[in-house]
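With the hints as constraints, model all of the structure from the sequences given.
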Amino acid sequence: METLKHLYSSLRLPFSGLYSLFSLTLMIIATCGSSSAEPKSSQSNVRSLQLTYEIFVGGFRAGGIELRVRLGANTYELTATTRSAGLINYLVRFRSYAQTRGEIRGGQIAPISHHVNNLWTEDIRFVRMGYGEQRGADGGPAYTVIHPLQGIDERAIVPLDQRRNTIDPLSAALRSAYSSGGWGNRAPCIDSIPVFDGRRRYNLTFKNAGVETINGPYFRGEVRKCLTSLQRIVGFSKNPFLPHSKDLEGGEIWFADLVPSWPAVPVRFKTDIGLGNAFVHLTSHEVQ
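Heads up, the sequence shown is in our numbering, so the first residue is 42 and it goes up one at a time.
Each hint should be verified, as a subset may be incorrect.
Listed next, the in silico SDA-like pairs over lysine to any residue satisfying Cα-Cα at most 25 Å (straight line) [said to hold, decoys possible]:
(1) Lys279 <-> Trp161
(2) Lys279 <-> Ile234
(3) Lys279 <-> Pro189
(4) Lys248 <-> Gly262
(5) Lys311 <-> Ala228
(6) Lys279 <-> Asp202
Label-pair restraints from in silico Cβ distances [what the hints assert, rightly or not]:
(7) Thr162 <-> Ile231: 37 to 43 Å
(8) Ile193 <-> Glu253: 42 to 48 Å
(9) Gly171 <-> Arg136: 20 to 26 Å
(10) Tyr184 <-> Gly251: 39 to 45 Å
(11) Leu128 <-> Gly171: 37 to 43 Å
(12) Phe101 <-> Arg261: 21 to 27 Å
(13) Leu160 <-> Ser325: 23 to 29 Å
(14) Leu201 <-> Arg261: 45 to 51 Å
(15) Ile231 <-> Phe101: 30 to 36 Å
(16) Leu190 <-> Asn244: 20 to 26 Å
(17) Asn318 <-> Val252: 21 to 27 Å
(18) Ala228 <-> Pro200: 31 to 37 Å
(19) Tyr259 <-> Thr122: 15 to 21 Å
Note that these hints are calculated values from the structure, not bench results. Glycine is no exception: its CB is placed at the ideal position from the N, C-alpha and C atoms.
Take a look at the structure:
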């Protein structure tokens, strides 16, 4: 059971959780065909986008992800629900709910709060982070509450100075959305983001791999390919099931134009989890 539990965990952890990485779909409307750094919508024009993904390992369905974004007048709220499926669900029964609220100001993503609740069979884990007045890339969390504690969880504590100038995983994914379509005078998919998720400190980097055509089981057509990588800094498990010979992990994301008046949406994600390739496919989308 521990082997299968860590196999599913390895799907989440390389990019602070697939639910957070796939929040790249939560694009800011104003970035579509514009160099504007902040959305110009009013609170009365709040829009929501619902996205459903399926996770596959070795060709077998391993879980699903439901993503939802609400954008208001310079505000955002992201929610992500992840569930195990198939044999892994029978043996492990993993559930995760994550929510982030924040502001978009001065061309920066500034989180206000970040909450995560995870359940591994009967093992409850959670993260609570709140941000003070100095929010966003120049701030970091004003407080962090986690369960279990780092000592029980066999991981190093992230020093306070390394928590500064960071944002949470879902906010990082939203900022990455800027990069996927080009942010200001930047080229598409060019960014490096400092992230603290309550336990781990790492950097997420995005690079442009050009435009191509894919012929997959769930999507066929022209896409933009972005390369992602994660640089571990501190706070990761001291006893991982899968050995890490490098300090850098990577994956590939394919974006496509699916929803009118919305920027491109990730339709496929691929990463090597150490025991083979894992794929995440978009199976449905709905503007609400």
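Evaluation of the provided hints:
no., hint, in the structure
1, Lys279 <-> Trp161, "holds (19 Å)"
2, Lys279 <-> Ile234, "holds (24 Å)"
3, Lys279 <-> Pro189, "holds (15 Å)"
4, Lys248 <-> Gly262, "holds (21 Å)"
5, Lys311 <-> Ala228, "holds (22 Å)"
6, Lys279 <-> Asp202, "holds (21 Å)"
7, Thr162 <-> Ile231: 37 to 43 Å, "holds (41 Å)"
8, Ile193 <-> Glu253: 42 to 48 Å, "holds (46 Å)"
9, Gly171 <-> Arg136: 20 to 26 Å, "holds (23 Å)"
10, Tyr184 <-> Gly251: 39 to 45 Å, "holds (42 Å)"
11, Leu128 <-> Gly171: 37 to 43 Å, "holds (38 Å)"
12, Phe101 <-> Arg261: 21 to 27 Å, "holds (23 Å)"
13, Leu160 <-> Ser325: 23 to 29 Å, "holds (25 Å)"
14, Leu201 <-> Arg261: 45 to 51 Å, "holds (49 Å)"
15, Ile231 <-> Phe101: 30 to 36 Å, "holds (35 Å)"
16, Leu190 <-> Asn244: 20 to 26 Å, "holds (25 Å)"
17, Asn318 <-> Val252: 21 to 27 Å, "holds (22 Å)"
18, Ala228 <-> Pro200: 31 to 37 Å, "holds (34 Å)"
19, Tyr259 <-> Thr122: 15 to 21 Å, "holds (20 Å)"
The structure agrees with every numbered hint stated previously.
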